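Using the sequences plus the hints, can you model the full thing?
For the record, the sequence lines run as chains E and D.
With the working numbering, the residue at position 36 of the first sequence is 36, and numbering never jumps.
With the working numbering, the residue at position 132 of the second sequence is 1132, and numbering never jumps.
If you are wondering where the hints come from, they were derived from the structure by calculation, not from laboratory data.
Here the structure is a predicted model, which means the values were calculated and not measured.
Lysine-lysine pairs mimicking DSS-like chemistry, simulated, CA-CA at most 27 Å apart: (1) D:K1191 to D:K1139; (2) E:K3 to E:K49; (3) E:K33 to D:K1092; (4) E:K9 to D:K1082; (5) E:K43 to D:K1058.
Examples of chain E residues toward chain D, derived with CB under 10 Å: (6) T8; (7) K9; (8) L11; (9) I14; (10) V15; (11) I16; (12) G17; (13) D21; (14) R24; (15) I25; (16) V26; (17) L83; (18) N86; (19) R93; (20) R94.
We put the beta carbon where it would ideally sit given N, CA and C, even for glycine.
Spelled out, the chains give:
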Amino acid sequence: KWKGEGTTKNLESIVIGRCYDYIRIVNPAVGEKNCSEIWEAFKNAFINKDPCSILPKDYELFINLSLHTIPPNKSLFWENNHLLVNAFAGRGRRYMSLADTLFGFFADFLNWCGQANSAGLDYESCPTTEECENNAVESFWRMASITYAQHSSGVIHVLLNGSSVGGAYPDPGFFADYEIPNLQKDKISKIVIWVVDDIEGPDIDSCGNYTVKELENRLKILGYDVTCTNNYK
Amino acid sequence: MPFHQGFARMRQRTGLLVGIAVLLAALVLAVVLASVLTQGKEDVSPKMLKWKDRGTTKNLQEVILGRCYNYVMARYPELGDKDCLKIWESLKHAFIYKNPCNTTTEDYQPLMELASHPIPCNKSLFWSKTNELVHRYTKSNQNFLTLEDTLLGYMADRVSWCGDPSAPGINYESCPKRSECESNPGSVFWKMASKMFAEAACGVVQVMLNGSVEAGAFRNSSIFGSIEIFNLNPDKVSAVHIWLMHDIGGPESESCSGHSIKRLKSILEERNFKITCEDNYRPVQLLQCVHNPDHTDCRLCTNTT
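Now the structure itself:
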């Protein structure tokens, strides 16, 4: 029916397990959370609805229940280098990327969608963003990105891929559309951009050039103190 | 004279009634006091044993189940036939309601059988005193697997559990340390899982050791030194590659020519394994350099390349 993969099998057990894993082992500093309640709020955002009609604000209750402080100077934004970021962030020890927050950890690498007139999850297929923008997964990450940006403070780091075709700073993109507009200027002291090329990859983009220049200009116009480094060791 | 007699009988009866009422009141008071006092004691579960290490991880069932499904569905879908519920049940039955100092390998046998899976050749990565570094490496290079990257290890990593003979059978307050008793649920689990992990290895195997530790990179008392090297199968394993890592800017307590490495080599050679050893295996060192970019060891171009 849809072009995308279906819901991840055993989604409920996986996410509830991840929720407890996070509060008991990964980051017990966030305190007590009701993981069953969090799952219910998550599910109710998209269950029993047309899978192309899910909006970011449908996840509002989920976010309210799973939100926790993001320590200042630890936010790490990124584009086109998911695995590198996970390795670099050190599971929240060095930096806390979105996937290192409870709400991001909850859903990282998973897939899900519901169906109209049915309380069940669709395990067969789910709409891709090309088929419809307002799908369960896309709206989730938009809401999560907005929230993550709103709660970031201090020195902000952005890790971009200088070997990406089309440039290191994709516009449209999550960072461009959902994160930059939601940064709280009065809580942020500086924005540090790192442009890193793939090993033996092409050097398509870099500081002061092409799309990175656009990003630097945009942030400076917004009034941020911006620095940029190529291939930060 | 009947008047006087009636009066006396009435006084007697009243006295009796008062006496009975007082006795009843005393009885009721005693019962109430007794229940209040014993209720307080029951809440504290005086019968559960007390130990020195942290107790069972709260929400153990949810964590284990979630990790099992996550591993099978999201990371290694080829293992699709694993029954995570059965796996959890077999773990639970290994320790629930049992004295945590009497754990045996038989307790874990069903779990080990249900959760084990084959490991591709040339990918086994053993380690000793390099916990953080080795797992950062396998996260970024899926070509190698430590025990904690197999289903069993993945489920149990950083989690603790132990039972107790009294209800509810699981001790969330404390669990025995190795110094209190060796046959505790955690130690027995990891020893058994390590043995099986070594037995399953084939082809070339790798081991990451810490050359900045004072006590020596290879110790006979470690799980690697006491269990894993003795359970490698010489018919399946051809060679052992040692990666001896030093902390960036840390002491070089030992290198490939050191005493404990010589001892390790002789043990392995006796069992007919080929051995190589490399100081500061570069791909792993690069990972260390991510957090020490300005150190001389982390310069991108060296005179020797």
